[in-house]
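Visitor: Sequence:
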Amino acid sequence: MKKYLLEITVFVTGAAVMILEIVGAKVLASYIGSSIIVWSGLIGVILACLSLGYWYGGKKADQEPSYKIFANIIFFGAVAVFLAAVLKEILPAFLQKNIKNIYFESIFDTLILFGPASFLLAMVSPYAVRLKMVDLEKTGKTVGNLYAISTVGSIFGTFLTGFILLSYFGNFRIILFLAALIFIVSIIVYPKKLFKTKTILFLISIFAILSADRIEAFVGPKDVIRISSQYNNIFISQSIDSSSRRPIRNLWTDPKGIQSAMFLDEDDDLVFQYSKFYRLAEYFNPDIKKSLMLGGGAYTYPNDYLRQYLKASMDIVEIDPKMTETAEKYFNLKQDPRLKIIHEDGRVFLNQTDNKYDAIFIDVFNTYLIPFQLTTEEAAQKMYNALGENGLVMVNIISAINGEKGKFLRAEYATYKKIFPQVYVFSVELYRLSTQTQNLVLLALKSSEKKSFLSDNEEFNYYLSRVWKKEIEQDLPILTDDFAPVDQYLVVAF
Numbered sequence: 001m002k003k004y005l006l007e008i009t010v011f012v013t014g015a016a017v018m019i020l021e022i023v024g025a026k027v028l029a030s031y032i033g034s035s036i037i038v039w040s041g042l043i044g045v046i047l048a049c050l051s052l053g054y055w056y057g058g059k060k061a062d063q064e065p066s067y068k069i070f071a072n073i074i075f076f077g078a079v080a081v082f083l084a085a086v087l088k089e090i091l092p093a094f095l096q097k098n099i100k101n102i103y104f105e106s107i108f109d110t111l112i113l114f115g116p117a118s119f120l121l122a123m124v125s126p127y128a129v130r131l132k133m134v135d136l137e138k139t140g141k142t143v144g145n146l147y148a149i150s151t152v153g154s155i156f157g158t159f160l161t162g163f164i165l166l167s168y169f170g171n172f173r174i175i176l177f178l179a180a181l182i183f184i185v186s187i188i189v190y191p192k193k194l195f196k197t198k199t200i201l202f203l204i205s206i207f208a209i210l211s212a213d214r215i216e217a218f219v220g221p222k223d224v225i226r227i228s229s230q231y232n233n234i235f236i237s238q239s240i241d242s243s244s245r246r247p248i249r250n251l252w253t254d255p256k257g258i259q260s261a262m263f264l265d266e267d268d269d270l271v272f273q274y275s276k277f278y279r280l281a282e283y284f285n286p287d288i289k290k291s292l293m294l295g296g297g298a299y300t301y302p303n304d305y306l307r308q309y310l311k312a313s314m315d316i317v318e319i320d321p322k323m324t325e326t327a328e329k330y331f332n333l334k335q336d337p338r339l340k341i342i343h344e345d346g347r348v349f350l351n352q353t354d355n356k357y358d359a360i361f362i363d364v365f366n367t368y369l370i371p372f373q374l375t376t377e378e379a380a381q382k383m384y385n386a387l388g389e390n391g392l393v394m395v396n397i398i399s400a401i402n403g404e405k406g407k408f409l410r411a412e413y414a415t416y417k418k419i420f421p422q423v424y425v426f427s428v429e430l431y432r433l434s435t436q437t438q439n440l441v442l443l444a445l446k447s448s449e450k451k452s453f454l455s456d457n458e459e460f461n462y463y464l465s466r467v468w469k470k471e472i473e474q475d476l477p478i479l480t481d482d483f484a485p486v487d488q489y490l491v492v493a494f
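Using UniProt numbering, the first residue of the sequence shown is number 1, and each one after it goes up by one.
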């Protein structure tokens with residue numbers, strides 16, 4: 001093992017950098033989402049820290065090439081990873097309250113939480129190269145071998161995290177495990193230096209891993225159930241609904257907003273007003289037999305759908321199996337022969353399906369983030385093709401209508417107008433200005449036959465009255481798979 005000690009070390013630290021980066025994205029997602037803006041900030045800052053680490057590591061290795069200093073670099077890298085685990089709730093929450101700008105939040109969160117560890121771990125490879133070089137004639141081979149091994153470690157860390165670790169462990173445990181592993185490496189590299197200190201910190205890491213649930217409950221939000229999956233950090237809490245004063249259970253994946261809720265005293269109605277607008281589907285297509293829903297969440301609307309349409313069925317495409325498990329455990333989702341749940345990306349499903357639906361409901365907003373691949377002209381065309389003759393699409397949208405904050409709505413409206421003969425927008429919230437961010441529901445009809453916006457049904461009549469009657473400015477290009485700046489449009493709305 002001693003013969004290949006440097007190779008093992010660069011492999012482990014290479015893997016550690018990628019594990020930290022991927023888990024770091026999930027940590028930040030709970031506070032500022034996982035948009036391309038957040039990913040750009042995360043990757044850019046980590047690359048900057050890696051570049052500085054490579055430069056300084058090489059410089060330090062030329063000045064003082066010793067295993068003692070090499071072990072210290074690894075040790076302090078482990079300390080930095082450990083501190084990232086400790087601060088992963090405290091720092092993003094603090095910055096969110098005091099900065100309120102997603103660009104700066106993504107940069108400073110990454111820089112403070114993951115920058116020091118990335119910098120120190122990056123120092124390892126050039127330092128290992130200097131320690132390994134005993135024959136100048138083989139310098140190129142030595143450098144190439146060690147950097148190749150480090151890169152293989154990064155590839156291994158990427159696959160391990162994305163395919164396995166995030167499926168079984170929470171972010172906190174993964175980061176603590178990483179710290180413990182790097183502590184071990186620092187002990188093996190040079191056991192004489194700070195052996196007691198390293199051992200104590202290693203044992204603290206192990207204790208923290210075993211007590212992760214209690215520690216997270218202590219430092220995180222109180223009275224909140226936390227569930228981690230490959231796709232989301234899921235939070236569940238209870239509160240009182242502000243309008244009905246009834247007790248409700250909430251589900252959210254970031255602190256900026258609640259995505260789903262159900263009444264606890266009696267599960268007989270929908271909590272959120274926007275989801276009640278989906279009931280208008282019956283007005284525009286009274287003969288609904290089969291529907292598709294993209295985005296299950298807590299499955300509150302599918303439950304309402306089964307109550308409303310006693311002989312109809314629904315296919316639900318939800319990418320996250322853990323979300324479905326959560327809905328079954330906490331939100332009264334029951335197995336029903338009329339409900340078919342598919343765990344898949346919504347766009348992938350649309351690309352492959354040959355089914356015909358009477359209605360398609362889309363509810364995939366994560367506070368201010370929506371998967372861009374479901375907003376484009378190509379996606380709208382797939383939906384159009386998947387509808388029956390009198391089919392319709394209803395989309396939950398969070399945006400303003402006019403002004404800078406309404407860019408996403410206007411671009412999405414123009415996109416659907418290119419495919420569907422009739423497109424309408426309903427303003428869900430009363431007393432909201434058109435320039436204010438709000439819940440909107442977009443309705444697209446496959447039929448060109450006009451319908452009255454008056455109904456004998458009192459509930460339908462109210463929803464119909466909320467249709468936006470003014471012209472919607474079409475001042476933005478349609479969204480396409482090639483060009484869809486959805487995140488940039490939405491970030492200004494919040």
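These are calculated hints, taken from the structure and not from any lab test.
Be aware that one or more of the hints could be misleading.
Per label pair, the in silico range of CB-to-CB distance [to be verified]:
1. Val348 with Glu429: 27 to 35 Å
2. Val348 with Tyr462: 22 to 30 Å
3. Val224 with Gln63: 46 to 54 Å
4. Ile90 with Tyr462: 39 to 47 Å
5. Ile225 with Gln488: 30 to 38 Å
6. Val348 with Glu64: 15 to 23 Å
7. Pro337 with Val224: 31 to 39 Å
8. Pro65 with Lys141: 12 to 20 Å
9. Pro286 with Ile99: 15 to 23 Å
10. Gly162 with Asp269: 36 to 44 Å
In silico DSSO-like links for lysine-lysine, alpha-carbon gap of 30 Å or less [claimed, not checked]:
11. Lys138 with Lys97
12. Lys451 with Lys276
13. Lys356 with Lys276
14. Lys132 with Lys97
15. Lys276 with Lys405
16. Lys451 with Lys469
17. Lys290 with Lys356
18. Lys322 with Lys340
19. Lys132 with Lys276
20. Lys322 with Lys382
21. Lys138 with Lys100
22. Lys3 with Lys132
23. Lys132 with Lys68
24. Lys356 with Lys405
25. Lys192 with Lys276
26. Lys334 with Lys418
27. Lys100 with Lys3
28. Lys311 with Lys418
29. Lys290 with Lys405
30. Lys405 with Lys311
31. Lys276 with Lys289
32. Lys289 with Lys59
33. Lys311 with Lys132
34. Lys470 with Lys450
35. Lys3 with Lys59
36. Lys356 with Lys418
37. Lys329 with Lys405
38. Lys276 with Lys59
39. Lys68 with Lys100
40. Lys382 with Lys329
Quick reminder that beta carbons are idealized off the backbone N, C-alpha and C, glycines included.
Visitor: Take the hints in turn and mark each one as holding or not.
Guide: Here is how each hint holds up against the structure:
Distance hint check: the CB atoms of Val348 and Glu429 are about 33 Å apart, consistent with the given range 27 to 35 Å. At about 37 Å, the beta-carbon gap between Val348 and Tyr462 misses the expected band of 22 to 30 Å. Distance hint check: the CB atoms of Val224 and Gln63 are about 49 Å apart, consistent with the given range 46 to 54 Å. At roughly 45 Å, the beta carbons of Ile90 and Tyr462 sit within the given window of 39 to 47 Å.
For the hinted restraint 30 to 38 Å between Ile225 and Gln488, the CB-CB distance of approximately 34 Å keeps it satisfied. Roughly 53 Å separates the CB atoms of Val348 and Glu64, a value that falls outside the hinted 15 to 23 Å. Under the hint 31 to 39 Å, the C-beta atoms of Pro337 and Val224, about 34 Å apart, fit the expected range. Hint check: Pro65 to Lys141, Cβ distance near 19 Å, so the stated range 12 to 20 Å holds.
At roughly 50 Å, the beta-carbon separation of Pro286 and Ile99 lies outside the given 15 to 23 Å, and the hint is violated. Under the hint 36 to 44 Å, the C-beta atoms of Gly162 and Asp269, about 39 Å apart, fit the expected range. For a cut-off of 30 Å, the pair hint linking Lys138 to Lys97 is broken: about 54 Å separates their Cα positions. As the CA atoms of Lys451 and Lys276 are separated by approximately 20 Å, the hinted pair is consistent with the 30 Å bound.
For the given pair, Lys356 sits about 24 Å from Lys276 by alpha-carbon distance, which is consistent with the 30 Å threshold. With a C-alpha separation of about 48 Å, the suggested pair Lys132 and Lys97 falls outside the 30 Å cut-off, and the hint is violated. Annotation: proposed proximity of Lys276 to Lys405 holds, straight-line Cα distance about 24 Å (limit 30 Å). With a C-alpha separation of about 15 Å, the suggested pair Lys451 and Lys469 falls inside the 30 Å cut-off, and the hint holds.
Of the pairs offered as hints, the one joining Lys290 and Lys356 holds, with about 8 Å between alpha carbons and a cut-off of 30 Å not exceeded. The straight-line distance between the Cα atoms of Lys322 and Lys340 is roughly 16 Å, inside the 30 Å bound, and the hint therefore holds. Under the criterion of a C-alpha separation no larger than 30 Å, the hint pairing Lys132 with Lys276 is inconsistent with the structure, at around 67 Å. Among the hinted pairs, Lys322 with Lys382 is consistent with the structure: their alpha-carbon atoms are about 27 Å apart, no more than 30 Å.
Of the pairs offered as hints, the one joining Lys138 and Lys100 is violated, with about 52 Å between alpha carbons and a cut-off of 30 Å exceeded. A C-alpha spacing of about 10 Å is found between Lys3 and Lys132, which places the hinted pair at or below 30 Å, so the restraint holds. Taken as a hint, the Lys132 and Lys68 pair is honoured in the structure, with Cα atoms around 14 Å apart against an allowance of 30 Å. The suggested pairing of Lys356 with Lys405 is violated, with an alpha-carbon distance near 35 Å, which exceeds 30 Å.
A threshold of 30 Å between alpha carbons decides the hint, and for Lys192 with Lys276 the separation of about 67 Å lies outside it, so the pair is violated. Proximity of Lys334 to Lys418 is assessed by CA-CA distance (about 39 Å); at most 30 Å being required, the pair is judged violated. Note on Lys100 and Lys3: the hinted pairing is violated, with a Cα-Cα distance of about 51 Å set against a maximum of 30 Å. Straight-line distance between C-alpha atoms of Lys311 and Lys418 comes to about 33 Å, which puts the hinted pair past the 30 Å bound.
At roughly 35 Å between alpha-carbon atoms, Lys290 and Lys405 are farther apart than 30 Å, so this suggested pair is violated. With a C-alpha separation of about 41 Å, the suggested pair Lys405 and Lys311 falls outside the 30 Å cut-off, and the hint is violated. A threshold of 30 Å between alpha carbons decides the hint, and for Lys276 with Lys289 the separation of about 19 Å falls inside it, so the pair holds. Under the criterion of a C-alpha separation no larger than 30 Å, the hint pairing Lys289 with Lys59 is inconsistent with the structure, at around 70 Å.
This hinted pair does not check out: Lys311 and Lys132 have alpha carbons roughly 72 Å apart, beyond 30 Å. In summary, the hint linking Lys470 to Lys450 is supported, as the alpha carbons are separated by about 17 Å, within the 30 Å threshold. Between Lys3 and Lys59 the alpha-carbon distance is near 25 Å, which keeps this suggested pair within the 30 Å criterion. For the hint pairing Lys356 with Lys418, the CA-to-CA distance comes to about 21 Å; that is within 30 Å, so the pair holds.
Distance hint between Lys329 and Lys405 is unfulfilled; the C-alpha atoms sit about 37 Å from each other, more than 30 Å. A distance of roughly 64 Å separates the Cα atoms of Lys276 and Lys59; the hinted pair therefore is violated under the 30 Å criterion. This hinted pair does not check out: Lys68 and Lys100 have alpha carbons roughly 43 Å apart, beyond 30 Å. For the given pair, Lys382 sits about 33 Å from Lys329 by alpha-carbon distance, which is inconsistent with the 30 Å threshold.
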